[in-house]
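Peer 1: Given the sequences, and given the hints that come with them, work out the whole structure.
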Amino acid sequence: MPAVWRTAHGQGAPIRIGTTICKTGALSSTKSTLTGLELWRDDVNKAGGLLGRPVELVTYDDQSAVAQIPSLYSKLVDIDKVDVLISPYGAGLSAPLMPFVKQRDLFMIGMFALAGNDVTRHDKFFHSAPWGPESKTNWARGFFDVAKKNGCSRIAVLSADVEFAKTAAGGAEQIAGEYGMTVVYKQSYPPATNDFSSILRNIKAQTPDAVFVCSYPPDSTALVRGLSEVGIGDSVKLFGGAMVGTQYASLLGSLGPALNGIVSFALYAPEPTMANSEMTAFLSRYEKVAAEQGLDPLGFYIPPFAYVAGQLIAAAVTGAGSLDKAAMAKVLHETEVKTIAGPAKFNDIGDWTERRVLMVQFRDIKGKDVAQFRQAGRQVILDPPSLRSGDLVAPLTKARSS
Amino acid sequence: MILELLANAISTGVLLGCIYAALALGLAVSFGLLHIPNIAHPVFVVTGAFAATVFNAMGFDPLLVSLPLALVFYGAGIAFFEFYSRIYEKRGESDTMQALTLFFGVSLVIETVLVMQFGADQRSTDVDYVGQSLTLGPVVMPYRLLIPALVAPVMVTALWLYLKYTYAGIAIRAVAHDERALSVSGIDPGWIKRHAFGIAAATAAISGAALVIVGPIDPFAGRMQIGRAFAVVILAGMGSIPGTLAAGILIGVTEALVGAFGSPSWAPAVAFTMLLATLAFKPSGLFGAAR
Amino acid sequence: MSLRENAMDWAVRRTGRTPRATRSLVFALGCLAVLALGVVLTRMVDNPYVFFAGYVVIQYVALATGWNVLGGYAGYINFGPTAFYGVGVYMAAFLVKAMGAPLPVAIAAAGVAGALLGLAMGWMTLRVQGVYFAIATIALVVMAETVIHNIDYLGGASGLALMPPQAPAWAGGQPQFMLMVMLAIAVAFVALARWIEISAMGRGLRALKASEIAAECAGVPTFRLKLIACAVSGAMLAIAGAPYVYYASFIEPGTAFSLALSLNAIAMPLIGGKRSWVGPVIGALLLATVQQAASVTISSELNILVVGVVLILFVAVAPDGIVGIVEKLTRRRGA
Chain L
11 MPAVWRTAHG
21 QGAPIRIGTT
31 ICKTGALSST
41 KSTLTGLELW
51 RDDVNKAGGL
61 LGRPVELVTY
71 DDQSAVAQIP
81 SLYSKLVDID
91 KVDVLISPYG
101 AGLSAPLMPF
111 VKQRDLFMIG
121 MFALAGNDVT
131 RHDKFFHSAP
141 WGPESKTNWA
151 RGFFDVAKKN
161 GCSRIAVLSA
171 DVEFAKTAAG
181 GAEQIAGEYG
191 MTVVYKQSYP
201 PATNDFSSIL
211 RNIKAQTPDA
221 VFVCSYPPDS
231 TALVRGLSEV
241 GIGDSVKLFG
251 GAMVGTQYAS
261 LLGSLGPALN
271 GIVSFALYAP
281 EPTMANSEMT
291 AFLSRYEKVA
301 AEQGLDPLGF
311 YIPPFAYVAG
321 QLIAAAVTGA
331 GSLDKAAMAK
341 VLHETEVKTI
351 AGPAKFNDIG
361 DWTERRVLMV
371 QFRDIKGKDV
381 AQFRQAGRQV
391 ILDPPSLRSG
401 DLVAPLTKAR
411 SS
Chain D
2 MILELLANAI
12 STGVLLGCIY
22 AALALGLAVS
32 FGLLHIPNIA
42 HPVFVVTGAF
52 AATVFNAMGF
62 DPLLVSLPLA
72 LVFYGAGIAF
82 FEFYSRIYEK
92 RGESDTMQAL
102 TLFFGVSLVI
112 ETVLVMQFGA
122 DQRSTDVDYV
132 GQSLTLGPVV
142 MPYRLLIPAL
152 VAPVMVTALW
162 LYLKYTYAGI
172 AIRAVAHDER
182 ALSVSGIDPG
192 WIKRHAFGIA
202 AATAAISGAA
212 LVIVGPIDPF
222 AGRMQIGRAF
232 AVVILAGMGS
242 IPGTLAAGIL
252 IGVTEALVGA
262 FGSPSWAPAV
272 AFTMLLATLA
282 FKPSGLFGAA
292 R
Chain F
2 MSLRENAMDW
12 AVRRTGRTPR
22 ATRSLVFALG
32 CLAVLALGVV
42 LTRMVDNPYV
52 FFAGYVVIQY
62 VALATGWNVL
72 GGYAGYINFG
82 PTAFYGVGVY
92 MAAFLVKAMG
102 APLPVAIAAA
112 GVAGALLGLA
122 MGWMTLRVQG
132 VYFAIATIAL
142 VVMAETVIHN
152 IDYLGGASGL
162 ALMPPQAPAW
172 AGGQPQFMLM
182 VMLAIAVAFV
192 ALARWIEISA
202 MGRGLRALKA
212 SEIAAECAGV
222 PTFRLKLIAC
232 AVSGAMLAIA
242 GAPYVYYASF
252 IEPGTAFSLA
262 LSLNAIAMPL
272 IGGKRSWVGP
282 VIGALLLATV
292 QQAASVTISS
302 ELNILVVGVV
312 LILFVAVAPD
322 GIVGIVEKLT
332 RRRGA
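Residue numbers (our numbering), protein chains in the order written: chain L, 11 to 412; chain D, 2 to 292; chain F, 2 to 336.
Hints in this document: simulated from the structure, not taken from any laboratory.
Virtual Cβ for every residue (Gly too), placed ideally from N, Cα, C.
Heads up, a few of these hints could be off.
To be verified - When the alpha-carbon atoms are kept at most 27 Å apart in a straight line, the in silico BS3-like pairs for lysine-lysine are as follows:
no., chain 1, residue 1, chain 2, residue 2
1, L, 158, L, 408
2, L, 112, F, 98
3, L, 146, F, 98
4, L, 146, L, 355
5, L, 340, L, 355
6, F, 210, D, 283
7, L, 159, L, 146
8, L, 335, L, 91
Stated by the list, open to error - Simulated restraints, written as ranges between beta carbons of each label pair:
no., chain 1, residue 1, chain 2, residue 2, range
9, L, 23, D, 264, 56 to 66 Å
10, D, 127, L, 64, 43 to 53 Å
11, F, 310, L, 90, 29 to 39 Å
12, D, 117, F, 326, 28 to 38 Å
13, L, 358, D, 119, 42 to 52 Å
14, D, 264, F, 30, 47 to 57 Å
15, F, 224, D, 88, 25 to 35 Å
Peer 2: Spelled out as structure tokens, the structure:
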């Protein structure tokens with residue numbers, strides 16, 4: 011089959027990069043992926059393309075539905091004949107794709123697919139997100155490092171009945187055991203729960219030192235509200251960890267000061283230890299597009315890593331000097347790539363060798379203006395140590411009242 | 002400790018139950034009294050919630066603004082009923098299944114229009130009392146739940162008095178009972194039904210505002226509520242307005258107790274189990290007349 | 002068979018001009034021809050996209066046909082076909098995980114589970130008015146999803162990646178094999194639906210759909226018939242879900258209980274026509290093909306909007322679907 015498309019795509023014909031975007035459905039808030047990719051494509055094409063050929067994106071709407079994935083990716087590969095694949099958003103959507111990618115020996119960049127390659131172990135797969143190795147258990151290890159540093163020994167684990175949250179909760183228990191901490195409370199709850207008062211009371215009764223929360227946007231909101239309403243007790247030093255939604259402007263804006271004291275994960279925060287001129291320039295370009303298209307105005311979480319996905323592809327293609335998949339993979343395995351999110355080095359299954367999942371504590375948030383989150387000091391990085399910009403303020407009640 | 006937990010679970014359950022009753026009230030009118038299986042009602046409520054967020058963004062209180070919105074919804078309800086009765090009721094024998102399909106299509110259209118207009122993201126309101134709570138001894142009641150919950154008893158009482166003591170209200174109950182007898186007495190049953198459907202739609206504006214104070218919503222939030230709203234109406238007994246409040250509270254308290262003492266994971270199954278049990282063992286509901 | 006021929010065939014059947022045996026023979030030959038075409042297709046085409054997309058379309062034929070046994074013939078609307086479909090998916094997943102069950106075992110078990118669920122639902126809700134059944138099925142999906150969320154063995158909300166047994170060598174690959182399996186299921190379903198339609202059961206169902214009281218008076222055992230229809234339809238919907246695990250190797254509640262699936266399974270028979278087996282087939286082929294094409298061209302929001310509007314239009318203007326329209330046209334021409 012390769013012989014056929016080589017004649018069709020001669021010199022000067024565009025290099026085609028295929029992916030699906032959750033334009034609609036449950037994950038449609040991740041559609042800013044496309045903006046990140048488009049900004050990268052424009053940059054590359056302005057600079058003369060890759061190997062002298064322009065770059066073209068081929069994207070479809072996967073409706074956030076697993077059932078759409080096999081046929082859409084088969085279409086990308088077999089009908090559109092794309093040269094490079096980028097995975098759909100997240101591990102859930104990528105899971106049905108991995109056996110196909112391995113079987114056909116394709117080159118693919120993973121978009122936020124946490125531990126997406128841990129089972130298949132395909133050697134031409136690379137994460138754009140810095141989850142780090144063994145990410146299924148380890149991605150939120152930073153929370154427990156902070157907990158350990160602050161002398162927490164009693165842990166409560168609360169998780170939504172949703173894929174990502176359950177995975178995070180499972181990893182949390184394992185790490186807690188490893189650190190000699192006791193899990194004093196463990197509970198899951200159905201999605202779209204909007205009242206957490208009895209759950210919070212049950213947690214309070216166990217007097218934990220840290221509460222590891224794996225929640226989704228609507229319940230993240232309800233939980234933060236519940237914290238203000240019924241409280242959690244003075245024992246809790248650390249609350250949060252894996253609260254999805256705290257990465258997006260819509261939730262940050264609607265909760266405002268109620269977020270103070272909460273710790274959650276992020277991949278980028280505008281702290282002096284992390285900000286660089288390229289990232290800042292990218293975000294300000296993104297902001298303009300976001301304002302036009304009604305996307306997340308901050309764009310800290312997804313768009314930069316879509317751009318990183320593009321940078322990884324560019325590095326692989328130029329390094330290999332061709333579209334040979336084995337050569338491209340070899341480049342990424344052997345060389346460090348400079349990206350807007352920092353230097354990326356990969357292990358044999360395409361994880362970043364260094365985990366760069368941030369644990370940030372919300373501080374000094376006043377009012378509900380979203381722009382304040384662009385300032386340093388609002389999301390203080392507690393972990394990893396290499397990017398640390400401040401220490402935990404504990405206990406939670408104190409951090410919230412200040 | 003157990004007692005405190007119990008007291009709080011019950012109070013939360015009562016508050017949530019009131020909100021369920023508010024959601025189901027319009028359905029108690031359209032389905033319970035008019036026998037129109039309006040499965041689009043929860044989507045009407047979500048539309049009301051979105052309308053409330055739009056005006057809230059301009060600085061209005063969602064509940065206050067829902068009162069004039071209720072008038073708009075009343076008008077829209079009448080127009081919609083006119084459309085509904087033209088295309089289907091006048092065709093002859095009432096085919097409930099056709100009606101169900103129609104409302105199914107309508108809810109899809111409304112949801113999609115909401116998505117296209119507002120996006121699929123969560124929307125919420127900004128009101129001062131969210132985040133604070135009322136403490137009565139060991140019981141803590143968040144205003145986020147308490148204030149919307151008060152809407153239900155107010156609406157239920159108002160509607161009940163209206164149906165009991167006004168001319169139009171009595172006519173609505175008469176339509177539910179025997180349409181032909183009503184037309185003999187010189188009242189146009191068509192007008193009475195339009196009017197009643199308008200009232201049902203109007204409640205959606207108010208309960209929508211209540212819903213969005215409780216927590217953020219998205220265009221598909223109605224789906225979660227369809228089963229629960231029907232469970233409330235059927236458990237109450239078709240057409241029983243005060244029964245709606247009691248049934249809502251019963252479901253809310255059971256859910257809260259399951260959540261507090263069992264596992265919160267099982268809470269969504271509560272309404273369904275109660276619905277099935279009612280249908281299997283007491284189809285007339287708790288407060289309905291046997292039919 | 003073309004649409005027109007089908008409609009003619011149907012019109013002829015209603016006037017009873019050709020003997021039933023001949024028509025059944027033609028139907029059986031048609032089924033065999035479709036199956037043979039499927040086998041040829043898997044040999045001739047080597048682009049896997051065709052098989053993936055084909056699987057989705059044919060799965061809809063099976064779902065729509067299964068739904069129509071209860072929804073079309075008996076007039077009892079099941080708003081939760083995915084509850085049954087999901088039970089089939091998870092039954093198969095359980096068997097694959099527990100003992101690497103081969104596909105036929107999974108299909109049989111899914112069928113039994115779906116039938117039992119149908120019986121239970123029917124027994125609890127069918128004695129009162131049909132509208133209660135419809136409402137209960139809405140809630141059934143939430144219930145089924147809640148149960149799955151609470152079963153850790155099946156992956157709960159996280160979903161479950163499985164390595165199902167590989168396709169036999171003669172099939173030429175997993176996508177090809179899955180397409181053939183789904184095609185066989187769909188053809189079997191259509192044949193079953195047709196058989197129900199022309200049998201005494203179909204007559205009974207039509208009678209109770211027209212007037213339950215009159216049917217009861219005429220000695221039709223309405224409750225028992227409804228229960229049987231409920232069980233058969235439940236089994237068919239669950240069977241349609243069983244091969245999914247083998248198709249995707251990954252399952253999660255969001256897919257197994259997806260609303261889009263429910264929506265389509267209801268819309269397809271309504272658009273095609275509920276009264277005969279041809280309707281769901283036409284509706285499914287039409288809608289699913291358009292959607293497969295549309296999912297890569299227009300936004301899926303617009304897609305759902307179109308389905309909604311089309312549903313309203315059909316309910317309002319053409320309650321008997323495309324088959325009804327064609328029938329009306331041919332009858333007018335014949336007159």
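Peer 1: Hints broken by the structure, by number, lowest first?
Peer 2: Violated hints: none; all satisfied.
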